Amino acid sequence: MKKGVRAYFVPAVVFLAVFFYLPFAILLLYSLTVPEEGFTLANYIDIFTSRFYLQVMGYSLLIAVLTTFFTLAMAYPVAYYIVFKAPQSVKPVIITLMIAPFWIDFLLRAYSIKVLIEPLGMREGFATLVYGMVYDFFPFMLLPLYAGMSSVPPSLLLSARVHGAGGLHILSRVLIPLTSSSILAGSLLVFLMSFTEFVIPALLGGVEGYTIGYAVYDLFFKYRDIYRGSALSIILSLGALLGAIMLSRRVKVVQKMLSE
Amino acid sequence: MKGVEVRLENISKRYGNTVALKDVSLSVPRGSLFTVLGPSGCGKSTLLGIVAGFVEPDKGRVFFEGVDVTSLPPQKRNVGMVFQDLALFPHMSVFENIAFGLRVRGEPEQTIREKVKRVMELVRLDFQEYAGRMPHQLSGGQQQRVALARALAIEPRVLLLDEPLSHVDYSVKVLLLEELKRIQREAKVTTLYVTHDQSEAMYLADYLAVMNYGTLEQVGRPEEIYDRPVSEFVARFFGDINIFPGEVAGLEASSKIGVRLERTMLSKKEPHVGNGVVGYMRGRVVEKIFQGPHVLLKLETDYGSVKALLPRSESSIYNVGDRVFVLVPRSGLIVFRYRGSGRY
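These protein sequences, in sequence, are chains A and B. Take 490 as the starting number for the first sequence in this note's numbering and just add one per residue. Take 116 as the starting number for the second sequence in this note's numbering and just add one per residue.
Just so you know, the hints here were simulated from the structure itself, not pulled from any lab data. Just so you know, these numbers come straight off a predicted model, no measurement behind them. Glycine included, every Cβ here is placed at the ideal spot set by N, Cα and C. Hints may contain errors.
[As the list claims (entries may be wrong)] Below, in silico cross-link-like pairs of lysine-lysine (DSS-like), each with a Cα-Cα straight-line distance of 30 Å or less:
1. A/Lys574 <-> B/Lys137
2. B/Lys303 <-> B/Lys230
3. A/Lys574 <-> B/Lys191
4. B/Lys413 <-> B/Lys403
5. B/Lys230 <-> B/Lys191
6. B/Lys296 <-> B/Lys232
7. B/Lys383 <-> B/Lys413
8. B/Lys303 <-> B/Lys371
9. B/Lys174 <-> A/Lys574
[What the hints assert, rightly or not] Some but not every residue of chain A turned toward chain B, in silico, with C-beta under 10 Å:
10. Ser644
11. Gly653
12. Gly655
Please model the complete structure; the sequences and the hints are all you need to start from.
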């Protein structure tokens, strides 16, 4: 990196160093500590050998997979419509409407769903929790998909059609491969957020709301076990980091193909 | 491979308030190379979309070999097309691009391989060297060949080309035009070629249609259209021409007369009217432009600016500033009758 370029990053890096890297380092230290024993991997070993935490992780995983699946299944056709079918004048209107809920505070939204579910005949629990997550995370799936599809020239789809491809072939051979990096980006985003989410399970999950995010909360604030709490947080963070690294590699490959 | 006769009957298409095509009828003979020439926005790409099937006409019908295909979706028409941006699939190798139409038709692997090989041979792309490459690893000219090969691999009934050479350099363009002509002859496929470039149209076309404002102004062989354009627009768009306001004896309506640049003659001596010369005007040479085998002379006359294209050997006696006579010969005189709305 050139010296001149480095200067642009100074404010961001300073901010991150003070408010993110430093706390993260402290968290890491705690996670590797057991009082009166010193440095040890015991916290991690405890978590990975505990039936309870493994089950909570599995349960959170299920919620995250379902949330990701539903948001993807709904956002993909919407993104397709906006990019390739909607009249030019209507596009910004649709996008604005789709992200309009985000002008309202996150907590408020979760509470409003709590109010909404009763007339719908639903109760707090697993289904309501997933519904809340799908509702909340939908835009995080839609926007990357919209951006990704916008970079696919419409002539590619026309060309596929003219040369004999029906809708399914166009989807499976052209559109999905060319938007795979956006699918991955959106999915990873939604997956990570729903996997670690705390507020929605707490508000809408009822007794079925005990997810990994909840477990971290409990460890810190209920059991005051900041050591295991830190270890669990680090596990979540490293998982996210790993996903992000894998994704950025994949995104680069597709971007290269489309730009050249 | 064998093409079909393509016939369009009274095709009309509007986009909102814009008329893209107005009552267009057209017949493309089997196996011929038919060029549609017109300025951008004249409706020529819409016309291609209607033949391909992804644009639905408001009125009119499309026939392939006498069979009405108007309501047939594009994927069932068996048409090959090269798009302006080529539209190669960036995530597929050259082989997979060319094989695309065959794969979605569910042809067996062995047949696909044979057909891809054959069509790559036709467009002169070496199979060993290029089949495994990705589109972005190819030059512009090679990408053109892949796009053409993909369109031809399905043995289309009609081949459509939408300004495929608008983004390549002149030298590559000349080469590709030659190749295109050869490939079209060898494949014997009915071809519709849309362009705004008259030199491409002139080089390629068996038949030519000049389009303007959503209508076909004139259809014919290139020489016919060049020698006997029906309107001032056609004359100007297909070749360059001198046009003068003229009163033509025996014609009631007002009219204009035109002479192609190479038919416009010059003289240093005052000419006699008659004997093949219908009139002359006085002028002065203002510019002399070297164009290889020809020299273009720009002149100012009493009737406005005039251009004359002379063989290089004849041009040497005229220099910038010279006073000359511009002769209008009887042969090569084109008369444009007034057609209303300020158009001739």
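Next on the checklist: If you test the structure against every hint from before, which numbers come out violated?
Outcome noted: 8
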